[in-house]
Amino acid sequence: MEENNEGGNLAQVQHVVLILSGKGGVGKSTLTTELALALRHSGKKVGILDVDLCGPSIPRMLSVGKPEVHQCDLGWVPVYTDAQKSLALMSIGFLLEDPDEAVVWRGPKKTALIGQFVSDVAWGELDVLLVDTPPGTSDEHLAVLENLKKQHKVDGAILITTPQAVSTGDVRREITFCKKTGLRILGIVENMSGFVCPHCSECSNIFSKGGGEELAKLTGSVYLGSVPLDPLLTTSIEEGKDFIQTFPDSATFSAINSIAQTLLTSIQNP
Amino acid sequence: MADIPSDAPQHCPGTASEQAGKTSACQGCPNQNLCSSGATKAPDPAIEEIAEKMLTVKHKILVLSGKGGVGKSTFSAHLAHALASDATKEVALLDVDICGPSIPRIMGLEGEQVAGLSLCLSPRYVEDNLAVMSIGFLLSSPDDAVIWRGPKKNGMIKQFLRDVDWGELDYLIVDTPPGTSDEHLSIVQYLSSARIDGAVIITTPQEVSLQDVRKEIRFCQKVQLPIIGVVENMSGFVCPKCKNTSQIFPPTTGGAERMCEEMNLTLLGRVPLDPRIGKSCDEGKSFLTEVPDSPAAAAYHSIVQSIQAYCLSHVTREESAG
Numbered sequence: 001m002e003e004n005n006e007g008g009n010l011a012q013v014q015h016v017v018l019i020l021s022g023k024g025g026v027g028k029s030t031l032t033t034e035l036a037l038a039l040r041h042s043g044k045k046v047g048i049l050d051v052d053l054c055g056p057s058i059p060r061m062l063s064v065g066k067p068e069v070h071q072c073d074l075g076w077v078p079v080y081t082d083a084q085k086s087l088a089l090m091s092i093g094f095l096l097e098d099p100d101e102a103v104v105w106r107g108p109k110k111t112a113l114i115g116q117f118v119s120d121v122a123w124g125e126l127d128v129l130l131v132d133t134p135p136g137t138s139d140e141h142l143a144v145l146e147n148l149k150k151q152h153k154v155d156g157a158i159l160i161t162t163p164q165a166v167s168t169g170d171v172r173r174e175i176t177f178c179k180k181t182g183l184r185i186l187g188i189v190e191n192m193s194g195f196v197c198p199h200c201s202e203c204s205n206i207f208s209k210g211g212g213e214e215l216a217k218l219t220g221s222v223y224l225g226s227v228p229l230d231p232l233l234t235t236s237i238e239e240g241k242d243f244i245q246t247f248p249d250s251a252t253f254s255a256i257n258s259i260a261q262t263l264l265t266s267i268q269n270p
Numbered sequence: 001m002a003d004i005p006s007d008a009p010q011h012c013p014g015t016a017s018e019q020a021g022k023t024s025a026c027q028g029c030p031n032q033n034l035c036s037s038g039a040t041k042a043p044d045p046a047i048e049e050i051a052e053k054m055l056t057v058k059h060k061i062l063v064l065s066g067k068g069g070v071g072k073s074t075f076s077a078h079l080a081h082a083l084a085s086d087a088t089k090e091v092a093l094l095d096v097d098i099c100g101p102s103i104p105r106i107m108g109l110e111g112e113q114v115a116g117l118s119l120c121l122s123p124r125y126v127e128d129n130l131a132v133m134s135i136g137f138l139l140s141s142p143d144d145a146v147i148w149r150g151p152k153k154n155g156m157i158k159q160f161l162r163d164v165d166w167g168e169l170d171y172l173i174v175d176t177p178p179g180t181s182d183e184h185l186s187i188v189q190y191l192s193s194a195r196i197d198g199a200v201i202i203t204t205p206q207e208v209s210l211q212d213v214r215k216e217i218r219f220c221q222k223v224q225l226p227i228i229g230v231v232e233n234m235s236g237f238v239c240p241k242c243k244n245t246s247q248i249f250p251p252t253t254g255g256a257e258r259m260c261e262e263m264n265l266t267l268l269g270r271v272p273l274d275p276r277i278g279k280s281c282d283e284g285k286s287f288l289t290e291v292p293d294s295p296a297a298a299a300y301h302s303i304v305q306s307i308q309a310y311c312l313s314h315v316t317r318e319e320s321a322g
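Listed in order, the protein sequences are those of chains A and B. Residue 1 is where the first sequence starts when you use full-length UniProt numbering, and the numbers rise one by one after that. Residue 1 is where the second sequence starts when you use full-length UniProt numbering, and the numbers rise one by one after that.
For the record, the hints were derived by calculation from the structure and aren't laboratory data. Owing to the predicted nature of the structure, the values given are computational and were not obtained by experimental measurement. One or more hints might be untrue.
[To be verified] In silico DSBU-like links for lysine-lysine, alpha-carbon gap of 35 Å or less:
no.: 1; chain 1: A; residue 1: Lys179; chain 2: B; residue 2: Lys22
no.: 2; chain 1: A; residue 1: Lys85; chain 2: A; residue 2: Lys109
no.: 3; chain 1: B; residue 1: Lys241; chain 2: A; residue 2: Lys241
no.: 4; chain 1: B; residue 1: Lys279; chain 2: A; residue 2: Lys217
no.: 5; chain 1: A; residue 1: Lys179; chain 2: B; residue 2: Lys279
no.: 6; chain 1: A; residue 1: Lys66; chain 2: A; residue 2: Lys44
no.: 7; chain 1: A; residue 1: Lys149; chain 2: B; residue 2: Lys22
no.: 8; chain 1: A; residue 1: Lys109; chain 2: B; residue 2: Lys22
no.: 9; chain 1: B; residue 1: Lys285; chain 2: A; residue 2: Lys180
no.: 10; chain 1: B; residue 1: Lys22; chain 2: A; residue 2: Lys180
no.: 11; chain 1: A; residue 1: Lys149; chain 2: B; residue 2: Lys152
no.: 12; chain 1: A; residue 1: Lys217; chain 2: B; residue 2: Lys285
no.: 13; chain 1: B; residue 1: Lys243; chain 2: A; residue 2: Lys241
no.: 14; chain 1: B; residue 1: Lys58; chain 2: B; residue 2: Lys152
no.: 15; chain 1: A; residue 1: Lys149; chain 2: A; residue 2: Lys179
no.: 16; chain 1: B; residue 1: Lys279; chain 2: A; residue 2: Lys209
no.: 17; chain 1: B; residue 1: Lys241; chain 2: A; residue 2: Lys209
no.: 18; chain 1: B; residue 1: Lys279; chain 2: A; residue 2: Lys180
no.: 19; chain 1: A; residue 1: Lys180; chain 2: B; residue 2: Lys152
no.: 20; chain 1: A; residue 1: Lys209; chain 2: B; residue 2: Lys285
no.: 21; chain 1: B; residue 1: Lys152; chain 2: A; residue 2: Lys179
no.: 22; chain 1: A; residue 1: Lys217; chain 2: B; residue 2: Lys241
no.: 23; chain 1: B; residue 1: Lys279; chain 2: A; residue 2: Lys241
no.: 24; chain 1: A; residue 1: Lys109; chain 2: B; residue 2: Lys222
no.: 25; chain 1: A; residue 1: Lys109; chain 2: B; residue 2: Lys152
no.: 26; chain 1: A; residue 1: Lys179; chain 2: B; residue 2: Lys285
no.: 27; chain 1: B; residue 1: Lys222; chain 2: A; residue 2: Lys66
no.: 28; chain 1: B; residue 1: Lys152; chain 2: A; residue 2: Lys217
no.: 29; chain 1: B; residue 1: Lys222; chain 2: A; residue 2: Lys241
no.: 30; chain 1: A; residue 1: Lys241; chain 2: A; residue 2: Lys66
[Said to hold, decoys possible] Simulated restraints on C-beta separations:
no.: 31; chain 1: A; residue 1: Glu68; chain 2: B; residue 2: Gly167; range: 51 to 57 Å
no.: 32; chain 1: B; residue 1: Glu18; chain 2: A; residue 2: Ser250; range: 46 to 52 Å
no.: 33; chain 1: A; residue 1: Lys180; chain 2: B; residue 2: Glu261; range: 44 to 50 Å
no.: 34; chain 1: A; residue 1: Asn269; chain 2: B; residue 2: Asp143; range: 27 to 33 Å
no.: 35; chain 1: B; residue 1: Thr245; chain 2: A; residue 2: Gln261; range: 31 to 37 Å
no.: 36; chain 1: B; residue 1: Leu121; chain 2: A; residue 2: His199; range: 49 to 55 Å
no.: 37; chain 1: B; residue 1: Asp143; chain 2: A; residue 2: Ser42; range: 34 to 40 Å
no.: 38; chain 1: A; residue 1: Gln261; chain 2: B; residue 2: Pro45; range: 57 to 63 Å
Every residue, glycine too, gets a C-beta built ideally from N, C-alpha and C.
Using the sequences and the hints, build the whole thing.
Okay, structure coming up:
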């Protein structure tokens, strides 16, 4: 099926948002997945581009397994999670024959593949494209930004942190990366923000407290909100289930949805 | 930094790269002919220089994980503290996470930057027998971002290994960033003529983590890096009020234990989630000293003993073979 491709494969993508963190393991992929599901839940057509070449987590989180990736005249066809094609995904996870195979590439090779991912995926019409990244401020981040800027405006980035100083310390550097590269910071999200014991409801601050909000104040960024540590969410992610559908009344969904709506407002009214 | 000459264009792939002299970025570079002739891909003399330097380092341990945020730096720091608690041992901790250097904070050395002496590669000392090196010491502000491509990161790692005056060491611990990329290839390459005892692999219990950690294990096997064993971190949380255990990062596919069985590796131990660990790290203190009677501290000590035993048995095997 021929699609109108004037202006490249991103021409019909309304908004592009990067999900960044200087720190690893703060929940970038988890929140990319959950924000995508929340945006879909509110009627948007969403795409996810997973450029974490060494640790591509999104395919498992969306339970898409190991599908074959096809090419069409316009490039790679993304993998759709549903028949309605409301959520599309492209990840290097799809291109590896063996899921345990390590992608042991130096920077220039990673840069080249990311360039292809940005320009050669036939996304079609999307309201929002979320780009999940690995931790750091290196080849992948420079590559995705440079290539996106050539094709399309980038609305900005959401930065994920956990509350403790070891995390916010790295995210401060990511903020500098954004400022140096002219990438608008749409806001900061604090993940793993307290754990409520399911047995006695006592709240424990396992990864400390308050760092996300302090970081936002310190750097003059918008604080988008916090998401608690929720074993129901981590289990859903593990099993590739749609947390939004399974636990729509949870405080965690409410937190994620609020962040998704604030994000939408922010990118629709820059 | 020899990999990127000073007159190279912006996207120089590095003189040692397979693409040296051949990429579009190389067009017009004064070094293009030299690079494309292959002359720059001869074995890096630094490898032998580093091997020479490492003769005074008895044991070298890499701390790896395919996954970010599982506690590599936390573990590296506490391994260093534990080994250095024996005052007769000389220990050093090298942080090669160029983009996200956490070790200065975790070791209580934040603010140890030496302004204006960015080439100064003297390690900082936490104790008389515990030295630390990190790019964090070369940055003048906590907001400074190191936005470097691979070749430049490789050059820094080479300098750390070749040009830092480590002296005589019983243990050199190398903390790494997540992944299987430039930093990991460089560390293994530059230490290729200096025997590495092995790698300690850190994971958390859930499959999302294990999925990436298996790739790291494959990487180790590919580059023939021995694996000392696997540590499962954040392994359950005991509520301080009701004492019930919650699996916040659930081992839906059997956790590190099953992965170790399947891949024929040693499970060195499991460390539970303890909010006091994160607090100690934020404050730059050793959790082992702050909360010595906790289950997590006991787990750390047991794991460290296993690592020491491995390193010593390694030496014994080599001595009897030689």
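Evaluated hints:
| no. | hint | result |
| --- | --- | --- |
| 1 | A:Lys179 / B:Lys22 | holds (33 Å) |
| 2 | A:Lys85 / A:Lys109 | holds (31 Å) |
| 3 | B:Lys241 / A:Lys241 | holds (31 Å) |
| 4 | B:Lys279 / A:Lys217 | holds (21 Å) |
| 5 | A:Lys179 / B:Lys279 | holds (30 Å) |
| 6 | A:Lys66 / A:Lys44 | holds (25 Å) |
| 7 | A:Lys149 / B:Lys22 | holds (25 Å) |
| 8 | A:Lys109 / B:Lys22 | holds (13 Å) |
| 9 | B:Lys285 / A:Lys180 | holds (33 Å) |
| 10 | B:Lys22 / A:Lys180 | holds (29 Å) |
| 11 | A:Lys149 / B:Lys152 | holds (24 Å) |
| 12 | A:Lys217 / B:Lys285 | holds (26 Å) |
| 13 | B:Lys243 / A:Lys241 | holds (30 Å) |
| 14 | B:Lys58 / B:Lys152 | holds (29 Å) |
| 15 | A:Lys149 / A:Lys179 | holds (15 Å) |
| 16 | B:Lys279 / A:Lys209 | holds (10 Å) |
| 17 | B:Lys241 / A:Lys209 | holds (18 Å) |
| 18 | B:Lys279 / A:Lys180 | holds (31 Å) |
| 19 | A:Lys180 / B:Lys152 | holds (18 Å) |
| 20 | A:Lys209 / B:Lys285 | holds (18 Å) |
| 21 | B:Lys152 / A:Lys179 | holds (21 Å) |
| 22 | A:Lys217 / B:Lys241 | holds (33 Å) |
| 23 | B:Lys279 / A:Lys241 | holds (33 Å) |
| 24 | A:Lys109 / B:Lys222 | holds (19 Å) |
| 25 | A:Lys109 / B:Lys152 | holds (15 Å) |
| 26 | A:Lys179 / B:Lys285 | holds (32 Å) |
| 27 | B:Lys222 / A:Lys66 | holds (24 Å) |
| 28 | B:Lys152 / A:Lys217 | holds (33 Å) |
| 29 | B:Lys222 / A:Lys241 | holds (34 Å) |
| 30 | A:Lys241 / A:Lys66 | holds (16 Å) |
| 31 | A:Glu68 / B:Gly167: 51 to 57 Å | holds (56 Å) |
| 32 | B:Glu18 / A:Ser250: 46 to 52 Å | holds (50 Å) |
| 33 | A:Lys180 / B:Glu261: 44 to 50 Å | holds (47 Å) |
| 34 | A:Asn269 / B:Asp143: 27 to 33 Å | holds (29 Å) |
| 35 | B:Thr245 / A:Gln261: 31 to 37 Å | holds (36 Å) |
| 36 | B:Leu121 / A:His199: 49 to 55 Å | holds (51 Å) |
| 37 | B:Asp143 / A:Ser42: 34 to 40 Å | holds (35 Å) |
| 38 | A:Gln261 / B:Pro45: 57 to 63 Å | holds (58 Å) |
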